[in-house]
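Asker: The chain contents come next:
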Amino acid sequence: MTAELIRGQNHPLPHTRLEIRVSAGHPVVAGATLGDDRGRVQGPEWIAHPGSPALPGIEVSQQAAADHRLALDLGALPAAVHRVTVLLALPVGAGGPARFGSVAAPFVAVTGLDGDEVATFTITGLDAESAVTALELYRRQGAWKVRAVGQGYAGGLTAMLGDQGVERPGEIATAILDAVARGMARAVSAPPPRVPDADRVRHSAPLTGSDHPDTAPTLPVPLPADATAADSGGGINYAHPRRRSAAPPPPPSAPEAAPPGRPATPVAGDATGWSMDERLYNQVWGMFEDLARTTAAYRSAVDFAESRMDQELDRVLSDPRSRVGATGDAAREAARAKCEELTTRAREALDRDLAQLDAESEVVEPALPTPFARWDNPVWHAYRVPMEIPMALRLGDLHLPERPELRIPMLVRLPLERGLWVDSGRGHSEAAALLDEGRLRRLAMDTAVAHAARLLAVYPAGEFTVHVIDPAGSAAASLAPLVETGVLAGPPAAGAAGVAAVLARLTERVDLVQMAIRAGAADSLPPGLDPAEQLLIVNDFPHGFDDRCVNQLRYLADEGPAVGVHLMMVADREDASAYGPVLDPLWRSLLRITPVADDHLADPWVGHAWTYEPALPPQGSAVIRQVLGQVAEARQAWGR
Amino acid sequence: MTVNMTKGQAISLEKQGGGTLTAVRMGLGWQAAPRRGLFGSRTREVDLDASAVLFADKQPVDVVFFRHLVSDDGSVRHTGDNLVGGAGQGGDDEAILVDLARVPVHIDQIVFTVNSFTGQTFQEVQNAFCRIVDESNGQELARYTLDGGGQYTAQIMAKVHRDGAGWKMTALGNAANGRTFQDLMPAILPHL
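So the sequence lines, in the order shown, correspond to chains A and B. Using full-length UniProt numbering, read the first sequence as starting at 1 and increasing by one per residue. Using full-length UniProt numbering, read the second sequence as starting at 1 and increasing by one per residue.
So here's chain A without its partners, still in its complex pose:
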């Protein structure tokens, strides 16, 4: 039976002798890198590529082609190899396309020697990338598994190899592409493009984040309901493939529909859904999309107006007759006026839409239920412990520079599909650069506590458990609301022994639940096992962590979300830089959020960089303590 993998999903491999088939519809380079137990590629002799096609246990083809067959004998690999990464790259400089976004989505399949497919993966959603890591085959507890990766690199092979810890990646990338160019010169002609089914795979909403050059992993904004369902891995997706979960955009304020002074009045809950919460959720996503699109229209018009003006000014300059004198001045003036006129009209259209969204936001924001509401919303003062898990949770606000006052609630689906990373590093944000390091770390921990409190509050009594690792006890002040109200599973774990104990407990839990699910015996779990969703807040990483603990943490990040164990890392990536690329998958698997405003999140439709601000209680507000106090009371009342 073939497993159709999605990004991030893994699958056990039944044999060690395998073939990996690649169909791309267009000539691509296929290669593989070997990694040691820390994921590091030890040197150029650990890379199989067209210039060096055969290594012990693996053989790749010598030229770029639309279809590849890579032979792989996992048993014949050197014992030091723990990971095989299959990579694809476009043959740059061969006159072909330079980005995967302009060719069909590549399709890879892992097959046995008899040709039976074990697992397949269609790498969708690529855009400007010219190299992509397709699959990862890795050794876990003596057995081999395959994971669908699909991580693209706009910086090409150089960036990819650099990310894997190869020294002088540029030289090796050049050597690979040179070998391909020689191979192409040898080849008679490129094979005709195939029309595989994968060719027709549609790109779903692109999951790109803003590409800061040194944070290669992009940080997707969660998709609306239908798309996340497809992404969550496993299970059947009952969502209609083409039905929008978001409401249709609010009626455009067409001139004849809305006479001046009387625009269509927006109403909260004006979207589809089975409950008011679902309608509001869909309405918020509708507003998010509308703001993204109307801003895209505006930016596109302004860009066009400016580039046209530049061209016209160039033309005036290059014409000797009009370079000086009245004709030239008039032409320049005309070009500027044209640009001005178009920009003004674009701004009018934008303002019309923004006014509509402002009005909608004004009615929607006060109508939001507690899980979606800001901390300063009065609904929190009437807080009652809920009986049901809500559909989503507000993590903060998103806005664009065109209208900073217009805040879109950033809602993520519950149960969480991935962990969170509250970045306590200085990063790239202007707001973070203004704060000193200690203040920023404090803010990061406060943010984490606010998110954890919100999660505790929106789950029914006893259905959400929070653990904290604070090795040096440095976050005691931030953690006070959680500790003093008694809503934690235990006191924050301190010291190396405490860290190890908490991680061991949660790892064991993941193992047990996984085993029970695989065996189809979910009701045979030990009676002492807490059935609640688990959240682990980790402060000060990697302080207090030994290698074993780091591996357990990675395991929790990989396997935890599927069985209800989530991570919330409060960390500066710089602090863990000694671990090198081995931790990259960990950071990538988490949704990065910041304690201060930072424009690092991209929408799934056009990929604007949105400024995120965390949902925090107003200065001096006691709302978190009040809410947590009620949570603690309810737990006692329910005996949980």
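What the hints contain is simulated information worked out from the structure, not anything from laboratory work. Everything numeric in this text was worked out from a predicted model, so none of it was measured. Watch out, some of these pointers could steer you wrong.
Here are the simulated DSS-like cross-link-like pairs (lysine-lysine), alpha carbons at most 25 Å apart as the crow flies [as the list claims (entries may be wrong)]:
1. B/K168 with B/K7
2. A/K338 with B/K168
3. B/K58 with B/K168
4. B/K7 with A/K338
5. B/K7 with B/K58
Over 12 Å on every C-beta distance to chain B, these chain A residues come out as not near it, computed from the model [what the hints assert, rightly or not]:
6. T294
7. V302
8. A305
9. S318
10. L342
11. A346
12. A349
13. P404
14. V606
15. G620
Facing chain B, a subset of chain A residues (Cβ under 8 Å, in silico) [unchecked claim]:
16. R293
17. A296
18. A297
19. S300
20. F304
21. A622
22. R625
23. R635
Heads up, the beta-carbon is just placed ideally off N, CA and C, and yes, glycines get one too.
For this one, chain A is given, so just place chain B on it according to the hints.
Answerer: Chain B only, in chain A's frame:
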């Protein structure tokens, strides 16, 4: 009242009884022609794809097709790819909705094209048409039939372009060859 358009004919997209149109739909429908011979009942599937290219002053700015179903600004939406065409007759198999009021101010022309993705020429297609419908009331404004198709795999159907404060539609009906709209760009440019 449907206007059966001929090549090069232009109509103004105004509502009957005045007023401008706010939303139009370009619908595309087709059937695979049955093959003659012993296995005559075995028709081969034909996949036609409708695309719309948005131009600002003759520069392509955005494109809506099966890989990019909504223009970035949200004004042009493709209802989704149909890989086999109509089993019956009449209905639109693929449609592109244009919300004219939301088209960005710098976009002045939208060109609609049809490509045969599977490579059959229009000779192997029957009952193919392209029509423009007023989306607000479902009334058909214009219909253009692709019959009499020859040895080509694409057609530049029509364009919708700004005309003063309103919009006009011009039937183009130009035959071309190509699998997706990218291949058609050189053929589109002379019509702008």
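Asker: Hint by hint, say whether it matches the structure.
Answerer: Each hint, compared with the structure:
| no. | hint | in the structure |
| --- | --- | --- |
| 1 | B/K168 with B/K7 | holds, 15 Å |
| 2 | A/K338 with B/K168 | holds, 23 Å |
| 3 | B/K58 with B/K168 | holds, 17 Å |
| 4 | B/K7 with A/K338 | violated, 34 Å |
| 5 | B/K7 with B/K58 | holds, 21 Å |
| 6 | T294 | violated, 7 Å |
| 7 | V302 | violated, 9 Å |
| 8 | A305 | violated, 7 Å |
| 9 | S318 | holds, 19 Å |
| 10 | L342 | violated, 6 Å |
| 11 | A346 | violated, 5 Å |
| 12 | A349 | violated, 6 Å |
| 13 | P404 | holds, 21 Å |
| 14 | V606 | violated, 5 Å |
| 15 | G620 | holds, 41 Å |
| 16 | R293 | holds, 3 Å |
| 17 | A296 | holds, 4 Å |
| 18 | A297 | holds, 3 Å |
| 19 | S300 | holds, 6 Å |
| 20 | F304 | holds, 5 Å |
| 21 | A622 | violated, 43 Å |
| 22 | R625 | violated, 43 Å |
| 23 | R635 | violated, 46 Å |
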